[in-house]
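Given chain A, put chains B, H and U in place with the hints provided.
Protein chains in written order, with our numbering: chain A, 1 to 511; chain B, 1 to 524; chain H, 1 to 692; chain U, 1 to 101.
By construction, these hints were calculated from the structure, which means they are not laboratory data. Using N, Cα and C, we set each Cβ at its ideal position, and we do this for glycine too. Be a bit skeptical, because a hint or two may be false.
[Said to hold, decoys possible] Now the in silico label distances, taken between C-beta atoms and shown as ranges:
hint : chain 1 : residue 1 : chain 2 : residue 2 : range
1    : B       : S289      : H       : D618      : 51 to 57 Å
2    : U       : F21       : A       : V52       : 46 to 52 Å
3    : H       : D618      : B       : Q222      : 33 to 39 Å
4    : B       : P106      : H       : L23       : 29 to 35 Å
5    : B       : L15       : A       : V467      : 29 to 35 Å
6    : B       : P106      : A       : V467      : 33 to 39 Å
[Unchecked claim] As a list, the in silico DMTMM-like pairs of lysine to aspartate or glutamate whose alpha-carbon atoms are at most 25 Å apart:
hint : chain 1 : residue 1 : chain 2 : residue 2
7    : H       : K30       : H       : E118
8    : A       : K389      : B       : D22
9    : U       : K95       : A       : D34
10   : H       : K629      : B       : E374
11   : A       : K389      : B       : E23
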Amino acid sequence: MIPLQQTPTLAPDWLALTPALLLGVFALLLFVFDSIDPDESNDGLLAGLATVGSVSAAVVAGVFLLLGIGAGDGVSLYGGQLVVDGMALFFMLIFTSVASLVCLGSIDYLEGHDDIAGYYSLVLLATTGMAMMAASNSLATIFVSLELLSLPSYGLVAYLKNNKGSVEAGMKYFLVGALSSAVFAYGISLIYGVTGSLLLSEVAGALQGGEVLTDLGGIFGVGVLMVAGGFAFKTASVPFHFWAPEAYEGAPAPVSAFLSSASKAAGFVVAFRVFIVAFPIESVAGTIDWVLLFQVLAVVTMTLGNFAAATQENVKRMLAYSSVGHAGYVLIGLAALTGQGNGEIVLGAGMIHLLVYGFMNTGAFLFVALVEYWGVGRTFEDYNGLATKAPIACVAMTVFMFSLAGLPIGGGFLSKYYLLAGAVGAGVWWLALVAAVNSALSLFYYSRVVKAMWIEEPNGNLDRIDVRGYPTGLYAAVVIAAIATVVLLPAIGIFSGVAFEAASAVLQIAP
Amino acid sequence: MMIEALVGLCLVGALVVFFAPDEYAGKLAFGWSLLPLALSALMYLNFDGRGNALLGGSLAFEEQFTWIALGPYELTWFMGLDGISMPLVVLSTLLTTLAILSAWTPIDERRNQFYGLVLFLEGSLIGVFGALDFFVWFVFWEAVLIPMYFLVGIWGGARRKYAAIKFFVYTNIASLVLFIGFFGLVFGLGDSISSLALPEIATALRAGELGPLAGGLIVPEQLRLLAFVAMFIGFGVKVPIVPFHTWLPDAHVEAPTPISVLLAGVLLKMGTYALLRFNFTMLPETARSLAVPIAAVAVISVIYGALLALGQSDLKRIVAYSSVSSMGYVILGLVAYTSYGIGGATFQMVSHGLISGLMFACVGVIYNVTHTREVGDMAGLADEMPLTVGALVAGAFAYAGLPLMAGFAAEFFIFVGAFQSTVIAGNGMAVMTALAMFGIVIVAGYLLWAMQRSLFGPFRFDGDYEVTRAARHDIAPLVVLIVVIIALGTFPNDTFFRMITDAVGPLVDGATAEAALGTGGGSP
Amino acid sequence: MAAESGVFTFAPAIAVLPFVSFLVALFAGKYMPKKGAVAGIAATAGSLLLSLVMLAQVASGHAHHMELYTWVGGEGVPFELTFGILLDQLSTLMLVIVSTIAFLVHVFSLGYMNDEGETGLPRYYAELGLFSASMLAFVFSDNVLMAFMFFELVGLCSYLLIGFWFRRPGPASAAKKAFLVTRFGDYFFLIGVVGIFATFGTGTFGGPGVEESFPELAEAAIAGGASVNTFFGLSPRAWFGVLGLLVLGGVMGKSAQFPFHTWLPDAMEGPTPVSALIHAATMVAAGVYLVARMYGFYALLPTVLAVIAFVGGFTALFAATMGVVKDEIKQVLAYSTISQYGYIMLALGGGGYVAGVFHLTTHAVFKALLFLGAGSVIIAMHHNENMWDMGGLKDRMPVTYYAFLSGSLALAGIVPFSGFWSKDEVLYETLVHGLGGSPLLLAAYAMGLLAVFFTGFYTFRMVLLTFHGEPRTDLAEDPEPVRWNVKIPLAILGVLAAVIGVINLVPVHALESSVPEFLHDWLYHGPEGLNGEHYHELITSPEFAGYSAGAIPGLGELGTLFASAGLSLAVALAGSAVALALYRAPAPEEHTAKLGSLKTLLYENYYQDEYQVWLAQDLTEETVAKNAKRFDDGVVDGFVDRVSDVSLVSGHFLRRVQTGIVSNYAALITLGLVVLLVAFGIVGGWFGGVFA
Amino acid sequence: MAVPVQYYLVLSAAVFCIGLFGILTRRNALMFLMSVELMLNAANINFVAFSFQHGNLTGQVFSLFTMALAAAEVAVGIGIILVLYRNFADVDVTKATTLRW
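Pulled out of the complex, with its shape left as it was, chain A reads as follows (with noise of 0.2 Å):
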């Protein structure tokens, strides 16, 4: 998609925020409808409040982008605290996107629940604090809008009440995501110590020619790692990511979509975002070279999540862990910012692959809340045969499976392997067959959920469905992933397109 000669402008330059005050505004009228009418005869109205919210954003966010809205520098607002370029219009659109999948696949898997509209609302301002953190220019902001996103996070997970699993998975999230932030607040502290501001325009000036670095080094140092703690708390990256398999498997499926796709995505734009803009590697290579630093986590993360992935028994957890996995994938994106090759590239690579994801992911785990709303059971075993019941799902779980691992049925195949060439391009070849050996891992164990499904026979516990029937809303969500996930590998090139623009923008190199 090749962007518009001259960037369209909005009257009001707030109006670029359109996306995210939309969320924010259905969020708050979910609460109005709630309050009005607190019985819960009309869930259906709220989920389809919630969906119409999400999926207006989503549609605002994906004009803007096409019509090349902030291309370049973007639009900056509030003195620069919030810039909405393409990068974060980009990332609006996946979290938006996600959400709008995750209330339509809620509506089935959330029935006989009470306070519906908590959970709605809870996803929307979640998904609104995305969206803030997207277009956050400024430590502070990003630290609030992580917060925004964080707390109603901490509430779905541990939604189901009465559910064991839920709640403990609440707690845990909950206790190491206070940590995190603790440690994040901390590391911004320094930072601010160091730079004397939390603009991140102006932090990257301060560090300029580095001579606040030659004596105040560590101090900073050790912010930037703190720093760095927030987000791999964030985007579930070791050593912050212990909360991830526990949270996705207890959670409400839906929410594990929603946090796994979503909520990654969200950790990574800031991170893009901060240690692009904020710590010009040129300016800090000396002082703390956070390109190695990357490199490490990615290596250990990736290994971590896909080796631990490959002998679950139970295919929520195996997908929270290949969910760790595929955030060491992403972290190419900043690992392999050598200044060899062409970062955008690589840059670009991770947020297609975070797009991608956003669907095949969530995809893959809203398959997940279909199987719980049958009561079919959770482990491997419990599915095999269900292609005989249910084909249609089946074959949107294969493709969701398959493009996970990287086989070309969907866009998971391009964007996997436009990381690894870009690794190969930076020059750090070991990483890139990290990665392969990873990958190929990855294959096995998604290919045993297909295996289940198609090749071995029922054993006996798949009446249940006949007993719940084929759930609407959770069919149309699975479909329409698969449908979105297939969709991307030929088409990817609209978005493709845009990603580099965007990421060369941050990368301040001219496109």
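Positioned in the frame of chain A, the structure of chains B, H and U alone reads:
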């Protein structure tokens, strides 16, 4: 749009068949597969390509337009055929049709899914041979794995799950490795290329545009070597070359016969085809400098594979290992860099495809009846199923390189081409060739051995099935294959070899003129 | 040449006709009377006629060469590979021989197969037709590649026909053995062919209108007149020697020369007409024919010639000794066949081109005759081949007896039967060239001469045991009568065997020069570069083979000639006499016991099969292959499986990090952070100036 | 100025470490929560001190954000601890280990 139409036909057919009612699926799939077959035949008759697709030849049925902008590089939808790929496309369509026919008897459950996947496989295969842009090619290359996984995993034999996952992961690793190797080259080329179109890359590489990678971290020489080795291993797994061959016997033995036919007939050729297109076309100097190890690998594959075949007692395993052996000849021919060598290698791809297909089909027909493939479990089948046995004997002798059959033609070309090659100083290639040629003795050995034990002698069958004659639609593919094999062996030039050598020419002329002139020799 | 090339345009039909009969028999055989025999007879008759026409054409001085079609060509390849027909004195002669015997064998088969009510006759006649086609095509091949191809095809037919009775284990195994042993020889042959093309860029034998043929190129290269690319830095002569020996591998395989002779006796498992056609007269002759065909090449290479001669002489003797003790009539004939081809090799190696071809011709006739005779006996004996169960058949089947006797006399080399003339010339040529200064040839000659004795012995032992004395079984008392279709071929061949010698009465010519040496003149007037005269020059020119004709001291050429003739005749008579003495009795008993341990050695054929079976089976298959399999499953494949096991196990351990206790997580997070801090602190050198 | 900024830094670091220690040693969810508060306050100390040193108000404003946020966090946290108690009849964070490996 011919190639697109071909691929499209297959994929649409796949969908149609996939959702067709189970009982008609077989006939429908067969009927549908006749369309791509006819189309490819039409293309073959109207083939007007000249020269090598990657080296500035004029393509047949060319089609190119931008697909994706990958940062600095353009991914284009780029399809076209030259004398090397055209025969392989025909091979794919023909073998698929015959495989579908031979699947009627053995496949008795979930037929619509089976035939749908087969047609999907056909489409991907044609895509592999037709694509001339790296990413398009790679998409099809990987797409082939998906149907194979199901076809082996669902309809396979006892250890099908193990075989399927082994094939799946093994070849996937290979793909990743070759991808990394190839992109090392791409980034090494830097700005000298603007797209991932293979011709552009090949031209740039041969023009010596390759620069250092990652700011001098890896100098061009190392880069060439690394990339070559990575791609060689990556493709070698598919071929397969020793020691990366162990997925093959399992996959072959467990796969249902029609799939074995396609696996041996076409899928292995993907590896050698890619080797020819990438390693030996793009990095000729490196290939020459590595001629000794490569030729050694070829010889080892030939002899070791043949010995392994000799050691087996399962008919399918025998044929499977003999494929390893035959593919070794292809490698030998490729590294020779003479028109007879590379041309013969390409011709061998086609002929081995047909012959191994025939062999597997025959074994399959026998298996349908006896439900065993163990040589020891049967004897004297010739009396009970004369036609099948006749076809098997014909196939065996074709395998053993009987003149006027395709196998002999291909192998003789390879031998002549390799023998006169000068890529190894002091006529080393002549020695390698002589060694590899001993394969023709061993192959005759194990095939005749197996036939004598299982087909001849007094009739004996340990098994509680009634041995009956095979159905017509089981025999038909065998007959067709035999006819084609003899036609290719008797008129190699008029069928494929002329177009092959025409496409191979640019590869060798620049390479060793004097070898191509048949005067390449050691002594001054 | 355009004028009479009209006739030559029919030349391909010589091979095409039998091929058509092959197709007819294969697809329509079971609907036809005689199950396709008729088609075969008609086709071979046609071939015979055409061959005779071609012979006449060539006789009228028009050797002919024609390109059939280009197998591989075009600008894409450095050199073309073509199919063509070369009709010269040698090939037309051979064509006539082959088609004649093929025709007769087809007729004979009517009696041997049809009347015996065999099943699978269409297959039989199809394979017979295919064989005739391939053999004839091999004979008129104009280049070594085409020759190789049909060489292989006749091998296939031999495999199929030996295994015709595939239901019995014997034939199936024998067929496999025959193919494998010859294949082993063909392996070298193929390398030779490849080498010839790589060296000369052409494989044509020459002939009218052929601008360059490899024998000529080789000649020129050794003479220094042309440059071809030799390999491994060898001199042209040495490298050509290597090529010659490689091709010789195929020759020795097909012509059952030591050590590749082991397949032929087993091949007797096939139907007797097949043995007559393939394993006596024609296919086995293909090997030596090839040597004659490219004699212009071999004549350049004295060492190779010496090897040929020595192998031939040794094989002649070696096989003859084994024939002495055999009990089955066909076994005796098999070993005699091996032995006789040894003679032909001896002749060619000894520089006796004409002699070799001569013996090839006569042997084809009388050996075919003997096999057919044996076949007729076997019919009579209801497929009992043991001579000790026969006896006294003389009076009960006179036609067979007299025909067989004529053949036997020829085989034993008794004047004036054909075998005498040819064998005598063979020995004579070898002798004179040996005396010319080649002790190796003399040794070969000695062995050949000694073999004559054994030949005479086993021949008459066979005759006596089969036809003379008292019938030793009821079957022999009252044998099954044979019909015309058996007798006629026997009669024809019987006469031929007696008189065919006239085509080259060398000694007589020496006395009375008005008596012509037809064959000699015939072969000497071949086309440029393909005639005996040229070969003789090469043989004798010191630049090439460098043979020179010597004579027994004090006897002179003529004396030597007659001395040699007399000697061989005397030896043959001696051998025959011993046989008569031992087995003339009405009820002869086995004298083999007298041989003591030697007997077992001979019965076991010097344990030749044993070590070859050991090589093929015990060593290659049982040991090497099985161990390769073990290695592949255990090590190569095992490694792959280990890798996956290891990764899964390590996965199991990594899982355990996730203990489920959140405090541990906090601890691990802290630990990780601290580790990173310390590591990067050291890298970044923070601890230097933090609180400066 | 009276007190050099390094001292504040040391103080905050100490407070941070105390909080961290608490997290690592205490099993009671509430204590866990308080320790987190300590760590956040350590950050606040820094912000205020640095803002004083740099002479701009950014840090002080940020510290307000942090406090508000801490409060919100506690609110959510208490809620979660509540349901934790309901389900596991305990606020010991190490007791809930149904999800692991």
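Here is how each hint holds up against the structure:
1. S289(B) / D618(H): 51 to 57 Å: Violated, at about 42 Å.
2. F21(U) / V52(A): 46 to 52 Å: holds (49 Å)
3. D618(H) / Q222(B): 33 to 39 Å: violated (49 Å)
4. P106(B) / L23(H): 29 to 35 Å: Check passed, 32 Å falls within 29 to 35 Å.
5. L15(B) / V467(A): 29 to 35 Å: Holds: the Cβ-Cβ distance is about 32 Å, inside 29 to 35 Å.
6. P106(B) / V467(A): 33 to 39 Å: For P106(B) and V467(A) the Cβ distance comes to about 37 Å; the hint holds.
7. K30(H) / E118(H): Satisfied, since the Cα-Cα distance of roughly 13 Å is no more than 25 Å.
8. K389(A) / D22(B): Holds - the C-alpha atoms of D22(B) and K389(A) are around 16 Å apart, at most 25 Å.
9. K95(U) / D34(A): violated (36 Å)
10. K629(H) / E374(B): The given pair, whose Cα atoms are some 16 Å apart, holds under the 25 Å limit.
11. K389(A) / E23(B): holds (20 Å)
Of the numbered hints given earlier, the model fails hints 1, 3 and 9; all others are met.
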